[in-house]
Every structure is written in C-alpha cells, then in structure tokens.
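**Q** Protein sequences appear in the order of chains A and B. In terms of full-length UniProt numbering, the first sequence is residues 1 to 138. In terms of full-length UniProt numbering, the second sequence is residues 1 to 138.
The hints are simulated quantities; they were obtained by calculation from the structure and are not laboratory data. Think of the CB as a built atom: it goes at the ideal place given N, C-alpha and C, for glycine as much as any other residue. Worth double-checking, as some hints may not be accurate.
[As the list claims (entries may be wrong)] A partial selection of chain B residues facing chain A, derived with a Cβ cut-off under 7 Å:
id	residue
1	ALA41
2	PHE45
3	GLY48
4	ILE49
5	LYS53
6	GLY90
7	ASN93
8	THR124
9	GLN125
2 protein chains.
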Amino acid sequence: MKKTVFVFSALIIALLILFQLSKYSYISGDLSIEVGIAVVAVVFFIIGIYINKRTLNRERQVSNPIDPEKIEKLGISKREYEVLLCISKGLSNKEIAEQLFVSESTIKTHVSNLLVKLNAKRRTQAIQNAKNLKILAV
Amino acid sequence: MKKTVFVFSALIIALLILFQLSKYSYISGDLSIEVGIAVVAVVFFIIGIYINKRTLNRERQVSNPIDPEKIEKLGISKREYEVLLCISKGLSNKEIAEQLFVSESTIKTHVSNLLVKLNAKRRTQAIQNAKNLKILAV
DNA sequence: AGCTTTTTGGTACTTTAGTATGAGCGCCTT
DNA sequence: AAGGCGCTCATACTAAAGTACCAAAAAGCT
Numbered sequence: 001m002k003k004t005v006f007v008f009s010a011l012i013i014a015l016l017i018l019f020q021l022s023k024y025s026y027i028s029g030d031l032s033i034e035v036g037i038a039v040v041a042v043v044f045f046i047i048g049i050y051i052n053k054r055t056l057n058r059e060r061q062v063s064n065p066i067d068p069e070k071i072e073k074l075g076i077s078k079r080e081y082e083v084l085l086c087i088s089k090g091l092s093n094k095e096i097a098e099q100l101f102v103s104e105s106t107i108k109t110h111v112s113n114l115l116v117k118l119n120a121k122r123r124t125q126a127i128q129n130a131k132n133l134k135i136l137a138v
Numbered sequence: 001m002k003k004t005v006f007v008f009s010a011l012i013i014a015l016l017i018l019f020q021l022s023k024y025s026y027i028s029g030d031l032s033i034e035v036g037i038a039v040v041a042v043v044f045f046i047i048g049i050y051i052n053k054r055t056l057n058r059e060r061q062v063s064n065p066i067d068p069e070k071i072e073k074l075g076i077s078k079r080e081y082e083v084l085l086c087i088s089k090g091l092s093n094k095e096i097a098e099q100l101f102v103s104e105s106t107i108k109t110h111v112s113n114l115l116v117k118l119n120a121k122r123r124t125q126a127i128q129n130a131k132n133l134k135i136l137a138v
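Please model the complete structure; the sequences and the hints are all you need to start from.
**A** In structure tokens:
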C-alpha cells in the first residue's frame, strides 16, 4: 500500500513537470508541442502496462492460493500434509516412506487419516478434494 | 492479426487528430495545452492497460492448453482419454465402469494401456505425467 | 511434571489396482 | 475378403492400497 501511494505521488509530480516543460518549450520555441505530447503518451502508455501487470499478477495469485488456515481447520497435521504433497506427485506408499525416512506402515496410517479428513475414499479423490479445498496447488 | 493492425491504425489516426486539435486549440486559444496533454495521457494510459490485458490473457491461455496432437502422438485413443479424465476426477475403476456403461475388466484394460502410454506405474503418477504433457488441465 | 497431540510402527485383514493372456466383435482400409 | 485397430470382456494372478485396532515414543502445552 505504501508503495502504491509512493508510485502515484511520483506520477503526479512527473505529470506536473511535463506540464511545465511543455509550457517552457512553447515559450522558448525550442521544443515542439508534438514532442511533448508524444512523451506524455509514451510515459502513460508504459504506466498503463505496468499498473495493469501488477493488478493482474495479484489477481492470479489470489485466484489460486493454498490456504494454511483451511489445512488447520481440517485437522491436517504437518506430517500428514507432507504425505499429501507426495501423493499428489504420484508417489506410492513405499516411495513416500523412503522419501520421508519412515516405514510404509506409518505412511499408511497417515494416508488413512488424510482420507477421513479430506472425506475421500481413494488417494486420487483426496487429491481432487484437496485442490477444491484450496489446500493443494491446482 | 487483422484486428491488431486495425487497432493500431486507429491509434495512429487518433494520435494525429490529437496533434491537430492541440495545434488548433493553441492558435484559437480556447483550449489549454494542459487539457490536450491530459487527454493524451488518459487515452494512452487506457490503451496501455488494454493491450497489456490482451497480451497477458493470451499468455495465460497458452500456458495451459490441452494439446490434442500430443494425445494422438502418444497413441491414446478416444475411449482411453475418457478413462483418463475419470481417473483425474478421482474415480475408482468400478465407478468409471458404471459411468461409461462397461465392465470393470474393460476399464482395467484401458487403465493398463494408459499407464504404458503415459509411462507411469500408478494412476496417480499417470495424472501427474498427463498434466506435464499438457493433455490434462492443470 | 502431567496431559494431549503427533508421529511412529506393527499385525491382520479386505479391497482396489494393475498385469498377463486370450478372445470375440465391429469398423475401416487396402 | 483379409488384416489392422479399437473396444469389449473374462480369468487368474500379483501388488498395492486401505481399514481396524493397538501401542509406544516424541513433541508441545500448561
């Protein structure tokens, strides 16, 4: 927010400077009005692109956030979420066990708990539900 | 492409008109230079936003297309692709069979073929690979 | 320290997934 | 008409996945 205020202040100052420049150039006659207008046009063209890009990027981030609060609300623990990430990568229980340095039994327990918490019957469904709940990147 | 050319032509014409307007207003004195510049600024600001939005939208579409050619290239048949879609929805073989009005054996055959074609060991991995190959919406 | 939650692990079992193989049927192409 | 391809289905099997229940460390909290 502070940044936005700063940028807009700079913009207004720049505009005023341009106004003054155009006046001086008109009086002194060493710069044509067309050049001044062209400068203004280019500057604001770039500003338009810049601001729009920032806005759209923000929208894009907002449209696909992973929501830590929702994870907590579902009672999914840290370790369980790690397992969920591995499942979404397409790993088997054994592979997950190797990657997290625990036994396959442990992973099975985690997965079983995850399925209950995500209200799913299978791991593939768990992935889908998790994405709908915004706790996994789509 | 035609559209782009048309838009840019219109822009150049508009700019020329603005130039002439500013000259006339300067001569006749009934419009200040500042107003002219302000108009140019606003117009190009809007143009900047418009063009940028179009470009970003195009990028967004390009960044996530499902590529029918790639499906064909992998030798995935129409029916197999239907099964793949069901898998990505998190359905079990039995549920897919019911939805497509065939036996579970048939689905198993399709899935087995899909795993080979997608170079996957499990259905969850098949989903991931398919997304990486741009044949499933991310 | 005492209590709770998390993480870990096991056994025993059921269900689902996946493989291998064979086979019949319809459609299209040569 | 014959061969190729896609779709269908079955059997028999192996391998994963998932359930139920229990239990003991480990970590966090008050």
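**Q** Confirm or reject each hint.
**A** Hint check:
| no. | hint | verdict |
| --- | --- | --- |
| 1 | ALA41 | 4 Å, holds |
| 2 | PHE45 | 4 Å, holds |
| 3 | GLY48 | 2 Å, holds |
| 4 | ILE49 | 4 Å, holds |
| 5 | LYS53 | 6 Å, holds |
| 6 | GLY90 | 3 Å, holds |
| 7 | ASN93 | 10 Å, violated |
| 8 | THR124 | 4 Å, holds |
| 9 | GLN125 | 3 Å, holds |
This entry does not satisfy hint 7, going by the numbered hints stated previously; all others are met.
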